[in-house]
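Enquirer: Listed below, chain by chain, are the residues.
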Amino acid sequence: MYIHIPFCVKKCDYCDFNSYAIGSVNESEKALCRYIEALLEEARIQSEAVTELGAQVSTVYLGGGTPTYLPEILLSSLLTEVFRLFPIADNAEITVESNPGTATYRKLRCLRDIGATRLSIGVQSLNDSLLARLGRVHSASDSIQTFHLAREAGFDNINIDLIYAIPGQTMDDWEETLDSVIGLRPEHISAYGLMLEEGTPLWRKVKSGTLAVCDEDLEIDMYYSAKEKLSLAGYQHYEISNFAMLGYECRHNIIYWRLEPYIGLGAGAHSYVKREIRSNLAHPQDYLRSIKSVGSSVCEREVFSKADEMSTVMILGLRMTCGVGESEFHRRFGISMRDAFGEAIAKGVANGLLKWDGDRLKLTRYGLMLSNEAMQEFL
Amino acid sequence: MRSSSIRNFCIIAHIDHGKSTLADRILETTSSISGRDMTDQVLDSMDLERERGITIKAKAVRLTYKSPDGNEYIFNLIDTPGHVDFGYEVSRSLAACEGAVLVVDASQGIEAQTLANLYLAVENDLVIIPVINKIDLPNADPERVRRELQDIVGFSPDEFIFASAKTGQGVQEILEAIAHRVPPPSGDSEAPLKALIFDSHFDPYRGVIAYTRVVDGHLTCGMRIKLMAIDKEFEVTELGVFKPHMDETRSLSAGEVGYVAAGVKNVQDMHVGDTITSAEFSADAPLPGYRQARPMVFCGLYPADTCRYEDIRDALTKLRLNDASLKFEPETSVALGFGFRCGFLGLLHMDIIQERLEREFDLNLITTAPTVVYQVEKTSGEMVEIDSPAKLPPASKIQAILEPYVQAVIITPSDYIGPVMELCQERRGEYKNMEYLSESRVRIVYNLPLSEILLDFFDRLKSRTRGYASLDYDYIGHFESDLVKLDILLNDMPVDALSCMIHREKAQERGRQLVEKLRETIPRQLFDVPIQAAIGSQVIARETVRAMRKNVLQKCYGGDVSRKRKLLEKQREGKRRMKQLGNVEIPQEAFMAVLKVD
Numbered sequence: 001m002y003i004h005i006p007f008c009v010k011k012c013d014y015c016d017f018n019s020y021a022i023g024s025v026n027e028s029e030k031a032l033c034r035y036i037e038a039l040l041e042e043a044r045i046q047s048e049a050v051t052e053l054g055a056q057v058s059t060v061y062l063g064g065g066t067p068t069y070l071p072e073i074l075l076s077s078l079l080t081e082v083f084r085l086f087p088i089a090d091n092a093e094i095t096v097e098s099n100p101g102t103a104t105y106r107k108l109r110c111l112r113d114i115g116a117t118r119l120s121i122g123v124q125s126l127n128d129s130l131l132a133r134l135g136r137v138h139s140a141s142d143s144i145q146t147f148h149l150a151r152e153a154g155f156d157n158i159n160i161d162l163i164y165a166i167p168g169q170t171m172d173d174w175e176e177t178l179d180s181v182i183g184l185r186p187e188h189i190s191a192y193g194l195m196l197e198e199g200t201p202l203w204r205k206v207k208s209g210t211l212a213v214c215d216e217d218l219e220i221d222m223y224y225s226a227k228e229k230l231s232l233a234g235y236q237h238y239e240i241s242n243f244a245m246l247g248y249e250c251r252h253n254i255i256y257w258r259l260e261p262y263i264g265l266g267a268g269a270h271s272y273v274k275r276e277i278r279s280n281l282a283h284p285q286d287y288l289r290s291i292k293s294v295g296s297s298v299c300e301r302e303v304f305s306k307a308d309e310m311s312t313v314m315i316l317g318l319r320m321t322c323g324v325g326e327s328e329f330h331r332r333f334g335i336s337m338r339d340a341f342g343e344a345i346a347k348g349v350a351n352g353l354l355k356w357d358g359d360r361l362k363l364t365r366y367g368l369m370l371s372n373e374a375m376q377e378f379l
Numbered sequence: 001m002r003s004s005s006i007r008n009f010c011i012i013a014h015i016d017h018g019k020s021t022l023a024d025r026i027l028e029t030t031s032s033i034s035g036r037d038m039t040d041q042v043l044d045s046m047d048l049e050r051e052r053g054i055t056i057k058a059k060a061v062r063l064t065y066k067s068p069d070g071n072e073y074i075f076n077l078i079d080t081p082g083h084v085d086f087g088y089e090v091s092r093s094l095a096a097c098e099g100a101v102l103v104v105d106a107s108q109g110i111e112a113q114t115l116a117n118l119y120l121a122v123e124n125d126l127v128i129i130p131v132i133n134k135i136d137l138p139n140a141d142p143e144r145v146r147r148e149l150q151d152i153v154g155f156s157p158d159e160f161i162f163a164s165a166k167t168g169q170g171v172q173e174i175l176e177a178i179a180h181r182v183p184p185p186s187g188d189s190e191a192p193l194k195a196l197i198f199d200s201h202f203d204p205y206r207g208v209i210a211y212t213r214v215v216d217g218h219l220t221c222g223m224r225i226k227l228m229a230i231d232k233e234f235e236v237t238e239l240g241v242f243k244p245h246m247d248e249t250r251s252l253s254a255g256e257v258g259y260v261a262a263g264v265k266n267v268q269d270m271h272v273g274d275t276i277t278s279a280e281f282s283a284d285a286p287l288p289g290y291r292q293a294r295p296m297v298f299c300g301l302y303p304a305d306t307c308r309y310e311d312i313r314d315a316l317t318k319l320r321l322n323d324a325s326l327k328f329e330p331e332t333s334v335a336l337g338f339g340f341r342c343g344f345l346g347l348l349h350m351d352i353i354q355e356r357l358e359r360e361f362d363l364n365l366i367t368t369a370p371t372v373v374y375q376v377e378k379t380s381g382e383m384v385e386i387d388s389p390a391k392l393p394p395a396s397k398i399q400a401i402l403e404p405y406v407q408a409v410i411i412t413p414s415d416y417i418g419p420v421m422e423l424c425q426e427r428r429g430e431y432k433n434m435e436y437l438s439e440s441r442v443r444i445v446y447n448l449p450l451s452e453i454l455l456d457f458f459d460r461l462k463s464r465t466r467g468y469a470s471l472d473y474d475y476i477g478h479f480e481s482d483l484v485k486l487d488i489l490l491n492d493m494p495v496d497a498l499s500c501m502i503h504r505e506k507a508q509e510r511g512r513q514l515v516e517k518l519r520e521t522i523p524r525q526l527f528d529v530p531i532q533a534a535i536g537s538q539v540i541a542r543e544t545v546r547a548m549r550k551n552v553l554q555k556c557y558g559g560d561v562s563r564k565r566k567l568l569e570k571q572r573e574g575k576r577r578m579k580q581l582g583n584v585e586i587p588q589e590a591f592m593a594v595l596k597v598d
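As you go down the protein sequences, you meet chains C and X in turn.
Per the numbering used here, the very first residue in the first sequence carries number 1; after that it's consecutive.
Per the numbering used here, the very first residue in the second sequence carries number 1; after that it's consecutive.
With the rest of the complex left out, here is chain X (with noise of 0.2 Å):
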């Protein structure tokens, strides 16, 4: 194949501003769908990714298009995810193209997190064709926007296509635009093998499947290959472009897009932003960008029925077949009993693991307020990282705690800038710079403890900006903090899956906030609970849930004596979704109530 004909691109768009539409018209007309296979938006193919409109895995097509100027182009449309739990996913994904559809609505302009990734895409040198969609609408504005998009990045006026994805206008214009105006691969073809690998998935039969854009070389069926930054070497069993079903093909050179599979038994071998080279003539350097994803958040999960840990754990390592980045160990809590300690990009992968466990394995999950990674540098000069309060070394033996810190962009319209360094400096932010996008909007930059945007940053970002600010935050490192651990008492006793890491001078008012919120939660019992909060041995707050005088149905007589059951089993039921601590029931809410405070 000339590598001349391909045209390797992304759809880059808000949630609802119309890329699952865009795309799935971009396939129809380029018939790489028959009508009947034609289900509305082809790309996400989760349930949950349609619910929540965002697309958690990245995909491939490959389109083939026939152009007025009597040419046939090859089109590979790759699919990007579009949540900051995703970045470097994101990052690689975009590496693997050479231009991008900028997506944004008419009525609505661009949407703060659509900037943030076209910044990414702009950094990575990408061709952007600016579309504004929805067109059709009576309250379009289409003029507005292009001058709004003009003035933030800098269009030329006439780069603009007006499009309409539901009703086909201005399709066929971004797909000539696509043709024309991105460039082709540059790579050579003749060159050592090196592909990236952007996706991946497992597949029962052929193991896991790789997703790859080569850069130079080609890939042959039956050759071995290696991945250089596992250093492991495989034997290619098949090669294929996505259709966007699978297609399978003997070769993919310099400029392609398509799988590979290679009998790879383990997702967690086939690194995103890996790149694979010929184990016999191999590249001298992998491609740059490579980084290790590392889980940044930890939570444990428990089985509400407790006789359901195994469940649990088949669960997760199916999921883990095709998600290399979540990572799970089995963790026995005094409170919660058997779980396991769960390891996440971010709070939305977090959510969407969760998610998927109780919706497609039908499992009650209590999960514990997630954490972070916190080094530990023991007295005895012994360095360790703990992923649980839980896991904590005595306070003797510890010489400091380290948390990781991350480098937040925040881009929000000017009007909000007090509000936004008023909340980084609540959470404990270090200013580094702010910049001027366009004369209405901003860049600011912080370095923020990743603990302090665990707990509801995103939200509080969005409810003072009204929804205006996006938010991308990079780990930078571990420094040194002044943290303490938290400890609640119920009835006297600990609970170990409600301790939290803090910060020594948030302590005070964070455990008010706690056992206040506790109170709210737990629900009265025959006798009084009294709720700590206690740092070591001192308490630094308290309340009771006073002890429940009356749960009586007053009026019972004739008849319905089975509502009158109901009524009691419903009582009861509620009861069982509790977990009883000592003699305590707690709902399964309290475990999250750490995170809900105000």
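With the rest of the complex left out, here is chain C (with noise of 0.2 Å):
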């Protein structure tokens, strides 16, 4: 299950995601507060989907925005209330992402009290100039203290968030970051490529030649230094942008590239059940005002036919360095993989973006950063 908190503090100077900076949006506490009442509204009629379907939630994920962000007080009441209304597995993954500065001790050891057992934090680089120019509002030092409050909480299971190919960055800036994140010894940490979204702050800065971007080898030279430097740290590369110490991968996005069903809630948010594709207002006030007169504030549906859905699985799960077992597919589609793709398998091991390794098929370690390549042949 994902919840969505669509608030900042104030908005990176990159980011296109569905979030909106309290003031931008004109909101005050008494509109958080109201959001989490729609949440909470949604929570109640979704849950009772979920109980006829006799399923349990066995992840739960708290994104943003910043939930963090949200008073001690909203966020309790949300959690306690969520686990409250679903049929949550014992053991199961609660994740909530937070950004430095704004997640206080109070706040985690709340958090970790309530139930959440997993801290995802959004550190990006611990380089300050390379902050300010992300339009980041927290300092290195923010960061590092907030891991080792989430620590004191008792969080055991910590990501760490990392942005490279930030432009003006070097590779030894990007080196040293990733030393001092190994060196706090977080159990996973995700490291993605900046990507420019048409738009935001930044991107008009690169569009009116303020800012140069990233060059393309340097940031694949920072790619694969990361897969090295986390490998011999001992961290596994499980994901196209993802690694983790063995056995805390994140079990709720492993739900998506599997596409498994998932449920979201709040503003923008999407499940999938049953094949179909569902899409919240993305606008939190859309999203209030619908929730409130009809209940429901999905806006978009999609089914997926089975063809469709088999050719989604090859483009997620192949982005997990595990790829996608031949017998599992079997099982699932009840048709082999190969009969299924035999021509796009066929030209990705022949271009050497896929390889067989035994059961199963997956990307090539030239084939990650090309992935897109091989997994539009499947569709």
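Watch out, some of these pointers could steer you wrong.
[To be verified] Dumping the calculated SDA-like pairs for lysine to any residue here, alpha-carbon to alpha-carbon at most 20 Å: (1) X/K555 / C/E216; (2) X/K378 / X/R504; (3) X/K555 / C/L259; (4) X/K555 / C/N351.
Since the hints were derived computationally from the structure, they do not count as laboratory data.
For clarity, every value in this text was computed on a predicted model and none was experimentally measured.
Join the two chains, each given in its own frame, into one complex according to the hints.
Expert: Rendered as structure tokens:
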């Protein structure tokens, strides 16, 4: 289950997510309250459907925006109510996203006490000038402090998000950040190459020539350097952009990559149940209004055919370094992967993007950064 | 009908200076069309013509005008195409007239191309009625434009009519001027028949409909006629005039303008400029000025989707029904598969045909760079014409290559003499002469290889003269040049559709530009793609499209799986539109890159 909190202190310069700086939507604490109320309203309605399915919720991911921007009281009432409404599995993974500077010890402690099992921290870089370039509102030392506070609060499963290929970033900058982060020994590290999204302040700066984009070759070198350093430090590279100590892979995201059912609550959240993708209205105010008036905020539904589902399973599954297993594919769809996608597989293998490893089809090391090329063929 | 009441005239105007609006106003005033049938700009009926503001095919309308002097006049308004590609057609339309209404925008003044057509009209002895239009616009300066025109053409001040086709002001005066200043046709209706064909179109029921001006004698329904240039006989099945719909009559006599159908199945038999005479009492000589329209520009047209080859053939066949100057024959390219080599009068004609194929027939085309027709003298003494670089005989068998030259006439404000001459020199031009038309306007004449004109010449001319220069050109013959065939190799494989003929001295530079342009156009593939330009086995330029190293969606979580699928679908769609050459994927634009080098 995914729960979206679309609020931040300030929108970062590269961000095109569905999140709003308080002030820009003229939100006050009261408005946050109203949003949580609507969320819970949606949760109540959804919980009935989930109960009907007879399924258990194995992971909860509270993402944003910045969930830890919410006051303690709202956070705790939200999670408590969600836990009460849904059949949560005993060993469920409960992740909360946070940004340095928004998570006090009290808040973290409270989250841990309610039942959060995993904390994800948006560190992005440990270089203050690069943080400023990204328009982040925190410093490197804020990040380190938040990490330690989380440990003190009892989080024994922490993810750190990092960004590379920031305009002006050198290989040394990147490796320095990597080394420091490895030094903290988080259980999980996500490393993303910066995407310049149209319309963002950063994009405008690049477009106007104020900033120069990171050279593509350097970006690729940074990627493989992270792969190498993190492997040496004991992190498994288990998805294109994700690394984890053994047993600490993010179970929530693996559900996505296996295209297993999920439900999303909140503005702009998506659900995938019984081959149907449902999307909620993205803007918080629209979301609020529709939940209040009709009890649903679904603005788009798309039903996948079996063929769509098969190709999506390949596209998403190949993101993981363990790839997609022929036997599990056969079990799920009653057809062999080779029969369904013979041509796409042959082409990918011939191009050196894909390889067979026993029963499993995987991206090659070279194919990781060219995965779209291989994945297109499955459509 | 008494020919003394007939007035045959055309309108000469620049795009946007109000030709169509004026024609509409004239039609309205003479009540040829009821208000209900009146759509704006009747004469330009094809969508494409309206959008581009140019008239592709000439049309003719017959109007009845009751003058305040108590007489009734028959007006034949003959519309003319307005572009350099159709220069010959323009000249034939003008030859069907005794007068021309010159329309000039009161704020813009006369444009170079209008001036070029005006000179053509003056050469054809037409009486010119200068009209200064759009005088109702706030920035109109009719006096300045009048002075300018007086200066250039030597009109007397009282010849001018100030008008606004939009409001109708001056239209009456224009009609009076046509009635009283344009002379009636001077033909002899008792002499043997001579009728000028100035246009034609194909009608599925009646066959080819020729638009004609009877000069001498008369045409009657049922008579046997002879087309003098092709020496073929037909029987007239229908005669009529355009009002503007086709209105049948029994006969057309000297001075009249109308149409004739004679069961001709092929527009290629009804040549513009040909003379219709009586099979029985043939005229001694045809009307002067006839020339067989010959395609000057050739290019390959290929379906982007190879299975649509037959559709292109059908579409070209249909277009040729109405367009005698369009030529095509099947052609096979190693790179592009099955397609057609097509011949056109010029670049605009080529553009129009391409656009009509894509728009009216919903075809997605790959067009290869246009080329002229070369004459190759083989060592055996045999002479061959080649309309595609692929047809060039092996170098060892070539004695000489001749390329078509044109005489180019450029009219430009005198401020731009330097840049214009520079451009002509760069394009291997040979200076012929220059004369001042007025203090501020010159007419520059150069002999130029036609191939140099195909390559962006007009655009360059416009940009160097801020759009103030006009260009007309006329084929003068084939002359020997030191030409070579420049081949392009992608991934070490020659791509026939990218070969071009080029002057030896320019080959090096052009080769460099071409490979550079292709490097920019061809997207990165999973491997390095070398691009080479070569003359024979000698590589003269080389670039490499570096292998793609990254195409990845870094962040992919929940949620919106379908958005991610769409992104991949879009990428894949882009590739589908490309041509697969060996294992290299080439976008369609690459085949036109040959045209767009700096």
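Enquirer: So which of those numbered hints doesn't the model satisfy?
Expert: 4
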